[in-house]
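Keeping the supplied structure of chain E fixed, place chains Z and S upon it in accordance with the hints.
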Amino acid sequence: MSAVTAFLRERRITIAAYALCAVLFAIATIHSSGFASASNVRQLLVFASFVGFAALGQTLVVLAGGLDLSVPWLMAFGGIQLSSWAASGTSGVLGIVLVVLVGAAIGLLNGFGVAWLRVPPIVMTLAVGGLVEAYLMTIGQLKSSGNQVPQVAVDIATKRAGPIPVVALVWLGFAIAASILLSRTALGRRIYATGASEVVATLSGVNVRLVRLLTYVLSGAAAAFAGIVLSGYVGSTYLDIGAPYLFTSIAAVIIGGASILGGRGTYWGTVAGALTLTVLSAMLPLFNLSSADLEIVYGIVILLGVALSRFGAGALQLTRRSGAQDHNPDMEVGDAA
Amino acid sequence: MSASAAQAVAPRRGALVGRVKISWTGLTTATILIVLAVVDFILQPALLNLLQIGILMQTALPLVLVGAAQTLVVLVRGIDLSVGGIMVLANAATAVWVGERGGAHQLMIFLILGLAAAAGLLNGILVAVARFEPFVATLGTWTIFNGIALNILPTDGGTPPPSLISFTFGTTAGIPNSLIVLVVLLLAWRALRGSRLGTRIYAVGADEERARLNGTSIVGVKLFVYAAAGLLAGLAGVFLAGVTSSGTPTAGDPYILTSVAAVVIGGTSLAGGSGGIGLTMMAALALIFISDIISAINLETWVSVAASSGLLLIVVVARTLIDREIQRRRT
Amino acid sequence: MNAGTADAATQAAGRGQTPAGASAGSPRGLSVEGLRKRFGSVRALQGVTLHAQSGHVHALLGENGAGKSTLIKILSGVTRADEGSVRLDGELLTLGRPAASTAAGVRTAFQELSTIPELTVAENLLFGREPSIGGRVLRRRLNARAAALLAGLGLERIDPTAQVSTLALGDRQLLEVAKALREAPRLLVLDEATSALSSEDSGWVLEQARLAAQRGAVVLLITHRLAEVRAAADRITVLRSGRAVLEGSTSDYDDEQLITAMLGRRMERLYPPLEPASGGSALSVRGLRVGARVGPLDLDVAEGEILGIGGLQGQGQRELLMALAGATAWASGSATLRERPYRPRSPQDALAGHVALVPEDRQREGLLLTHTVRANVTLGALGRIVRHGLIDARRESATARAGAQRVGVAIDRLGTLAGTLSGGNQQKVVLAKALVGEPSVLLLYDCTRGVDVGTKAEIFALMSQLAAAGTTILFYSSDLSELVHMCHRVAVMVEGQVRGVLSRGQLSEGAILRVAVGTHHSTDGAVGADRAADLAQHGAARLQARGDDDGGRAA
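Protein chains in written order, with this note's numbering: chain E, 1 to 337; chain Z, 1 to 331; chain S, 1 to 555.
Bound conformation, chain E alone (with noise of 0.2 Å):
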């Protein structure tokens, strides 16, 4: 295969992610040309930015193989704890750095168990989130005076660059960035590595539970940050603020189109996503549907999704008539290709 040919496959799964999520988008402003208004977009940026928030550091725990669940946790953290250290007097921007680095030390603690004790990860960050939600509830328990969300939050998510809202651009930074570490970095190479297949990477030299840490720290730190955000736009903090987004932090991560099990995937593909997600759930009221619809539609949306990006990657198998293996003895060609 050409070199041009395997750049564009490559893309071409990332554009699939976009193209759903512009199909869905011309769908709904077709049905409602008001969709498609600079207001609505703009509303819609900012609910996918905290998707996207939400979704980068699971992004990254995905493509090494590992899987994030605390994610709801650590964002009601950030939105809480930001809160509670500004009620006792640290400013808003020590506070959002001291909160991150906090999120990051939680995310130390997942990434410990996940590729030190070997705890698989789906249990592991469990129960490190049920140990993030206990701390909480101290925590408020103890300030009973309200919750006061920093200014500096509050603006971040709700000001406006020219027309272009804050917490977007913050986003776009953060997905260039992102995109830098993982296809510039020798950090992203052994991300690719260790999810694409642990023994190559360890064999490679790659220190595959250093690199494993890492995206957990990282995700820590994203998705304390995606709390801080989001609580600076709804104006207060509450337990169950990130509730939602482990579903959808691990769907974008899905329809844009990176394999569940590593080694795949971009982030500019769960961008897509996030905005994929943003569009449906803001599409439905439309329609009339309940929310009941919505988990319908999420999932139907989830399936075609990932169908949709294997069969760009030209891998769409359906098990043949006979069931006969075709590979190559000599040449075993992996089922994700």
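One thing to keep in mind: the hints can contain errors.
Said to hold, decoys possible - Quick list of the computed label-pair ranges, beta carbon to beta carbon:
1. 397/S <-> 311/E: 29 to 37 Å
2. 169/E <-> 44/Z: 24 to 32 Å
3. 37/E <-> 301/Z: 40 to 48 Å
4. 128/S <-> 188/Z: 45 to 53 Å
Just so you know, the hints here were simulated from the structure itself, not pulled from any lab data. Quick caveat, the model's predicted, so the values are computed rather than measured. Don't be surprised by glycine CBs; every beta carbon is placed ideally from N, CA and C.
Chains Z and S only, in chain E's frame:
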């Protein structure tokens, strides 16, 4: 979530106790369960009667059933995130469809279980025929089933049939029905495990390529497994409706991850090919004992949450370290 | 066979028609006509036609990459051919389903072993035929029946209740053959069934082959050991590049002719001249133990030396090389690398010490199949292509290009996915990756397995160059000829230890084999009857058994 992120495979051989071979894995899990059970009984001596145990089993049964469903799927190297969705689907259907129509309750419940199995079959088709990753396929179907359940029953409510309610709370020959269901499940598992199909299930999970080489229909085995998982999840939902005397369409989510936790704690490998429902059952009961202990101590909410997460963490880490040690001893 | 009818039959088969008069009067046995199979751009079989009669042992020879693996998988129903037909005793075989082949009486002892390690011996032996009542497997009867089967074959020492993963590789191979014999087959395929077996056990396998043929089966014996072929096979077919290039009676061809047919060129030109190893001590190992079964090992290797590691499969060669590469823990022992202590705790350590490994399984251990060639090559030395924290595209290209050129991979392939390359090219990419870091010690684990002859020659030439430039090479190969021609010395491993080291003057295939199987027969002695005495006495077994691509390793 790559296979390498899963646990090390636990060996099936172990100590010889009398003429019975017990695996180290099972021994570990049983120890965990016994320790927790003892602690709970010490804290609540009133628990030590059959009726009270029956009530505890009622709480435990949905988790046990969902855990069993998850175990089957994990055995073939899959995962089923939709167990929560199938559960609430059956649950909502029981609360809404069965209660309203008079008579023929048993038939309706059988039909609902059939529906649950069909839901599981859909999962199986997506995984085995359309070759979706199990995680992805069941993530999609989970929300679909969840949505359907919410359509049937948008909020808690509905009226499950009285016959079901009296069954879940009742006894047969003095033994709580929930306990009987538990035992029946165990016996059914042993039958499956000892059958040819059981051998094939383990073979597919352990080494799919070689299983195929040996003439196993991979698709057939997986379809069965996912359908059976759906059935068990549906059963959990039906039973839950009896226990709570209503439909609870939003109750499914915690069961998903907890079922995976039960599988992991029990010692079944997420990579497939080893373990079993017996292990998961013990682990699920252990988790129930943990939450019972915590509620018995009557702590503030945050302590309960911290304690259950913390205990989960400790148990899983202990399990992982023990399994690694067993692996090391083997080589 | 008349060329005319062969063509007509092939054409007819290619059109999917039954050749006229084929069923009437066709001899009993296996009839393969015009089999073609391609995987993507790789043409594995290009019209294979083969006829093997019932009651005969028919040897199938060929280098790996010649198509033997593919042919076997088609016969056993694992893969379906693109074109062509297979007939057994005149009946057309439905291709592509293992169940159909089994029903037709095809039994295969696979080289990569079809026994499932996590199940017991009995469960594997009687898979699909377990005694059961109403679906419930009768354990005791299962074990008893398995025990009886094993006893009937003379394999009492294998415990039916043991988990297969606990068996030694040799016993697993025997079990594989036993499994193929659990019912009398019509076609018995033995694929490299003796690669890890002692001479006694190898003799047992050949005996089983003869017995099966006597009972009327067609026996297809795939092996590299020409001595085995002479001892057991009546007829030979040689495959090369996806075609049958030679077919006839064993006695009609001598070894030279067979080898030339397999390689397509004379063997001697395959190997480059070797310069004598000149340098001082490069690597010195004392008391290395790996796990419970390997060691203690002592080795001294000089700069510029190619030290061969020989012996039957599964004698600890893998553990040795993996330990030196930092991939397996050292239970005990010490080593010095160029006078400095060397005890790697991870492959990272090894690479930092300029020790590079080309692992056993290029697809599962050596390459990221879904990544490009460029990405694979540079994975071994990411530090070199990074500038100011970011990967410098130019440096990456340059490094990848240089790496590819060094091993002879075409530059225009740099952007292709590694999974789409042929076996030979894949191996070269793994080699390139290992060489990117300019290693002073190169560990090669069977790096020519499943590689076509042309690529092999390139790899050997490269090895010679590297050695001449001072690189120390530890070279494990299951091919005796390679060890003899490419090594300065050969250390033969038996049961986890170095049983003997042969210097250049002592090197011969017979010598290596003698140390490896532990026999001490002299080369002139009475010709024995059936057993493995034949092997040693016929002298050099030219080509030791080797793994086809899926590798004879347990999962």
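Going through the hints against the structure:
Between residue 397/S and residue 311/E, the C-beta spacing of about 32 Å keeps the proposed range 29 to 37 Å intact. Residue 169/E and residue 44/Z have their C-beta atoms about 58 Å apart, which leaves the hinted 24 to 32 Å range violated. Distance hint for residue 37/E and residue 301/Z: a CB-CB separation of about 44 Å, consistent with the stated range 40 to 48 Å. Taking the beta carbon of each, residue 128/S and residue 188/Z are about 23 Å apart, not inside 45 to 53 Å as hinted.
In summary, the structure is inconsistent with hints 2, 4 from the numbered list given earlier, while agreeing with the others.
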